[in-house]
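Participant: Turn these sequences into a full structure, and let the hints guide you.
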Amino acid sequence: MSVDIRIRNAVKRYGDNTIIPDLSLDIKEGEFFTLLGPSGCGKTTLLRMIAGFNTIEGGDFFFNDVRINDMDPVKRNIGMVFQNYAIFPHLTVEKNVAFGLKNRNLPKEEIAAKTDQFLHLVKIEEYRTRMPERLSGGQQQRVALARALAITPDVLLMDEPLSNLDAKLRVEMRTVIKEIQNEIGITTVYVTHDQEEAMAVSDRIAVMNEGDIQQIGIPKALYQRPANLFVASFIGRTNLITSHLEIADGTAYICLPGAYKIPLDTIKKEERKPQDVILSIRPEELYVRPFAEEGVAAYVDDAIFLGLNTHYFIHFENGEKAEIIQESQIDSIIEKGTKISLGVKTDKINVFDAEGKRNLVEGVVNDLDVYSGAQ
Amino acid sequence: MMKALHSQKNDVWRLVSILILALYAVILVYPLARLLKVAVVTPDGQFTFDGFKAFFGQRYYVRSITNSLKVSVAATVASLALGVPLAYFYQMYELKGKSLLQVLIILCSMSAPFIGAYAWIVLMGRGGIFTKLLSGIGIQVGSIYGFKGILLVLTLQLFPLVFLYTCGALKNIDNSLLEASINMGRSGTKMFLTVVIPLCMPTIIAASLLVFMRAFADFGTPLLIGEGYKTFPVIIYDAYFAETGGNRMFGATVSIIGIIITAGIFLIQNWFSGRHRFTMNALHTIERKQAHGIKNVAINVYSWFVVCLAFMPQVYVIYSSFQKTSGKLFVQGYSLDSYRFAFTHLKKAIPNTFKIGITALSIMVVLAILIAYLVVRRSNIANKVIDTLSMVPYIIPGSVVGIALVLSFSRRPFLLTGTVASW
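Chains U and D are the protein sequences, given in the same order. Okay, so the first sequence: first residue is 568 according to the working numbering, each after it adds one. Okay, so the second sequence: first residue is 12 according to the working numbering, each after it adds one.
Bear in mind the hints are in silico, worked out from the structure with no lab data behind them. Any given hint could turn out to be false.
Claimed, not checked - Within a straight-line C-alpha distance of at most 30 Å, the following computed DSBU-like cross-link-like pairs (lysine-lysine) qualify:
1. U:LYS662 <-> D:LYS182
2. D:LYS300 <-> U:LYS662
3. D:LYS358 <-> U:LYS642
Said to hold, decoys possible - Residues of chain D placed beyond 10 Å of chain U at every Cβ, according to the derived structure:
4. MET260
5. GLY344
6. ALA379
Every residue, glycine too, gets a C-beta built ideally from N, C-alpha and C.
Facilitator: Listed below in structure tokens is the structure:
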């Protein structure tokens, strides 16, 4: 039976050092929820608080309506997958998977049946009698997953489970994890620092920095309408350009290098006033116009052909640098030093206030906002 | 140029191999071969099993083997029973004064073999200090002579080895393995028995062998506290150094039997550890936790009780060193006379102890480095032989090595007895 997880005003301190000052979060039943952030942001700490391996200095943690703060980790009924798999090296694959089941006073037949079921689910039946050291990293990860799921936990916690695998296996395993999670429908909390991995597996993502959640949302919302500058630059790549917002006849304009102004009708009504802003323009939101057409003047510094796309590194007339991604064309790559004219996909770009704290563009969805009233 | 350099380097190492092989041939292979020869060949050149017949024909001798096996197995089991939980508590929990605790444990393991036996006789023997104190309040402690005494002394002396080995193994366990176990519903004693112990098994097996070999080879302890309980090394000693002039053949035979037994134990251990082999590497080592309530009290009491008990002989020896003496008897009061006596009368003995120790250590370090390099980096048949030979002394009781050396080198030109090279 899956549960929903409710966290209210969680606090984590080590001595005088506050890691998580005040954190609230709701994870829906059956959801694949990811905590994403740079190392040291508190994501693993939060996961371990849910698991019961870290003490909780403040706030409340609920599984459905049950407060789990003081519940023994053993009784929380959690399946956990660790960064280094934590497979018992002295037990065979089969015995590893059966480990949790044996602690539950189940009849032998049921243990055997469950073990078989999960060995089958993660496709490692043929290795059942092997010792872990004779398995590859990917296979060990499958054992860890089967072992965590075999106890039919209420919640599955995964702490950077793919970080020890090579790039290709990582992509393969994240698909496996996603498929299995879909099949079982278990509430899953996943921790990673890899934003691409997070986007690939998650229903929703919470982006964390320095112990605070910056934004919670579906991958699309985070990428296209980041709530602040941190989210914009942590998720995907972006060009940050300091700029100014001007208002003329009720229309908002942004100033681009070379005194080029473009109207922007996505700015929120209440933000339509002259102010300093930071533009976040992703490389694919700039496009090269045929020469001599109106646009932002720039010079090509370098070009990298990557098959599907070609990356251009450019600088504007004021010296600011930026990156552009273009679908590769059949004709030749634009040469270094060439003067080009750039267009901007105005519906896609984001505009932040001068501190980078707020996105001034309409359509930002941040599930975190529901807690700000409660605080 | 490069090639010439390389082959020259090769030649140097080949020379080192030859020198080490020659050294082993002289100080190990020849004496052992000679020991074997003395055991099975009579002085007039006849091949004989008389020595073996004499040994196995006497219940007195055969019983010394069973006695030794019994006491060694018991001491090994008891050392494990004390040392493994102590190491577990030490690595898993915040113990009071844990740095001092560790120092004391290490000191316990470094005491001279028979000091333990001597001190326990003085403390708990027939006229012992504790024996009198306790009988004064109506508690009669049983005899600590014989099997019980040997077991007590050996255990308290050897459990620190188990402790140190097991601590090493525990440091190698990744914290997430224990977290995984707790997470899946197995914690506390059950986790200790079914997860921690199996994970430390390779180390525990290695420590067991070491403890067993030490216990089996120790002859000072049974000699002092064993009284009627004769163990094998005492028999070897008696057989060879008996006042009646000793019987060379019989002494050699007993030594050979000793080697066969220890080699057998070694092979069993080797087979056993082969079945418990796996690799581990800890990403996050175990963090010490603060235990609470009765549990905290219990683990602290256990740890300090064991360590204080083991340290008692040292405390007693230090205490008695300040006691006033008259002739060979302790009298009332304290003085530094013993120290004065030691420094004036044992002028040679103290520097000699250091000289021999330091010289032996230097030779060991140099040889060990050379052998390790040859075995790992220059693997060939000669160096494999060196590898095997270097393991041989490990499984042969020290007194046997001594006898073999004396048998081989007590005549000129290699006169060893009575020199620094003597054991």
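Participant: Work down the list of hints and note, for each, if the structure agrees.
Facilitator: Against the structure, the hints come out as follows:
Note on U:LYS662 and D:LYS182: the hinted pairing holds, with a Cα-Cα distance of about 24 Å set against a maximum of 30 Å. A C-alpha spacing of about 29 Å is found between D:LYS300 and U:LYS662, which places the hinted pair at or below 30 Å, so the restraint holds. Distance check on the hinted pair: D:LYS358 and U:LYS642 sit about 68 Å apart at the alpha-carbon level, beyond 30 Å; violated. Its beta-carbon lying about 49 Å from the closest one in chain U, D:MET260 satisfies the requirement of being farther than 10 Å from that chain.
Residue placement check: D:GLY344 keeps its beta carbon more than 10 Å from all beta carbons of chain U (closest about 53 Å). A cut-off of 10 Å between C-beta atoms confirms that D:ALA379 is not in contact with chain U; the least separation is 29 Å.
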